[in-house]
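Asks: Residue numbers (the numbering used here), protein chains in the order written: chain A, 1 to 214; chain B, 1001 to 1214.
None of these hints come from the bench; they were simulated from the model.
Every clue listed holds true.
Per label pair, the in silico range of CB-to-CB distance:
id: 1; chain 1: B; residue 1: E1038; chain 2: A; residue 2: E132; range: 23 to 29 Å
id: 2; chain 1: B; residue 1: A1114; chain 2: A; residue 2: A114; range: 30 to 36 Å
id: 3; chain 1: A; residue 1: Q197; chain 2: B; residue 2: G1137; range: 47 to 53 Å
id: 4; chain 1: B; residue 1: I1019; chain 2: A; residue 2: F121; range: 30 to 36 Å
id: 5; chain 1: B; residue 1: A1068; chain 2: A; residue 2: C73; range: 19 to 25 Å
The calculated lysine to any residue pairs, modelled on SDA-like cross-linking and capped at a C-alpha distance of 20 Å, are:
id: 6; chain 1: B; residue 1: K1050; chain 2: A; residue 2: D78
id: 7; chain 1: A; residue 1: K82; chain 2: B; residue 2: D1078
id: 8; chain 1: A; residue 1: K50; chain 2: B; residue 2: K1082
id: 9; chain 1: B; residue 1: K1082; chain 2: A; residue 2: P41
id: 10; chain 1: B; residue 1: K1050; chain 2: A; residue 2: R84
id: 11; chain 1: A; residue 1: K82; chain 2: B; residue 2: P1041
id: 12; chain 1: A; residue 1: K117; chain 2: B; residue 2: L1037
id: 13; chain 1: A; residue 1: K118; chain 2: B; residue 2: Q1030
id: 14; chain 1: A; residue 1: K118; chain 2: B; residue 2: K1031
The beta carbon of each residue, even a glycine, is placed where N, CA and C say it ideally should be.
Spelled out, the chains give:
Number of protein chains: 2
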Amino acid sequence: MRFCPYAQRTRLFLAAKGIEHETINIHLKQKPKWFLLEKNPVGKVPVLEKDGEMVFESLVCNEYLDHAYPEHCLTPRDPVEKMRQTMLLSVFDQMVMSHYYSYLRASQTGDYSALSKKFGFGLQHLEKALTEPFFGGNQPGALDYNLWPWFERFSTIPNRSEELSERRVPRLAAWMERMLEQPAVKACYMPYELYSQFVTSFAAGDPDYDAGLG
Amino acid sequence: MRFCPYAQRTRLFLAAKGIEHETINIHLKQKPKWFLLEKNPVGKVPVLEKDGEMVFESLVCNEYLDHAYPEHCLTPRDPVEKMRQTMLLSVFDQMVMSHYYSYLRASQTGDYSALSKKFGFGLQHLEKALTEPFFGGNQPGALDYNLWPWFERFSTIPNRSEELSERRVPRLAAWMERMLEQPAVKACYMPYELYSQFVTSFAAGDPDYDAGLG
Chain A
1 MRFCPYAQRT RLFLAAKGIE HETINIHLKQ KPKWFLLEKN PVGKVPVLEK DGEMVFESLV
61 CNEYLDHAYP EHCLTPRDPV EKMRQTMLLS VFDQMVMSHY YSYLRASQTG DYSALSKKFG
121 FGLQHLEKAL TEPFFGGNQP GALDYNLWPW FERFSTIPNR SEELSERRVP RLAAWMERML
181 EQPAVKACYM PYELYSQFVT SFAAGDPDYD AGLG
Chain B
1001 MRFCPYAQRT RLFLAAKGIE HETINIHLKQ KPKWFLLEKN PVGKVPVLEK DGEMVFESLV
1061 CNEYLDHAYP EHCLTPRDPV EKMRQTMLLS VFDQMVMSHY YSYLRASQTG DYSALSKKFG
1121 FGLQHLEKAL TEPFFGGNQP GALDYNLWPW FERFSTIPNR SEELSERRVP RLAAWMERML
1181 EQPAVKACYM PYELYSQFVT SFAAGDPDYD AGLG
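Using the sequences plus the hints, can you model the full thing?
Replies: This is the structure we're talking about:
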């Protein structure tokens, strides 16, 4: 699904590693039977298919890509650093990402003062953890690409909160600027107008998964 | 928390690997401030503390134990097998475990016919994947211990559904018998009466985390 942040995680890996592939988009509200029966019983995207093998769950997909195409490996090779990144991703999941859809809905009405505080609290944990230009060090790594899809979307939320500002999260703001310059990020980038069209349809309860297509 | 299935995952690893440790239980509805500030910002158990380092998220905790105490390693060393186990755990999370608390509540009223079908559908995926005595092969491994806490609880649900029966899931039923014989499972086992006491208090909206103590 073109607007799915989880699928984007894997598209970013594919682009950063330069792996040739074919993309098949599915309609998430009307999932094709072949998808549920043959690809992923849980019904979620992304799914990678290679030589008849199915790999699902965005994080597993990305680890799989680093395993199957070990050149330009994005996943930390040091197991302790890998665990640190997994824990940080879990903090993000539970303290930031979990508020994302409420945030999107609230952005339609402009009233997200209560959400904003929770959001900001979670973001501060990431801000503190970002001690180098990227979460992966001097170059973007797995955690950078796995976090990015939400940050790309944050920046398109209308009247978005102060919590995401340079004043509150200077390191994250600079990291976002750096990320926007990455060729993989550019290759997978979705323009603001398309997100906006999708978000409006999503908030109205009838997501337009084909927004912007022909 | 003594009744938390996620904390039990890590207790099982500690027992299976024979690692000396001290356990501190916390009240999940009235979390101590020191826990949230110093141990895990997300506020969940388990948390491992070693030499001042904090590790949280049950799966990360268990991988950490295998890393810090490499003898009798439970996590698959083959990255592809490890990914297969992660995907299977995700199928379990989303197709079985996600219904667990609704199931518990329904068990109080005896009406879980609709849930039972969903539950059974997810269990069939595990049944199919269990081609050896244990998910880890001839001996229990990471996936066996990471799944077990829910199966221990399933067997204590009153009037539990046919979906969990030997007739429907013969391999899983035999696996459960084998798991019950494992020293680590015995060491962390909670008797039916205690679960029952806890489940009743949980369903009534006032979980008794100290059930059976003092």
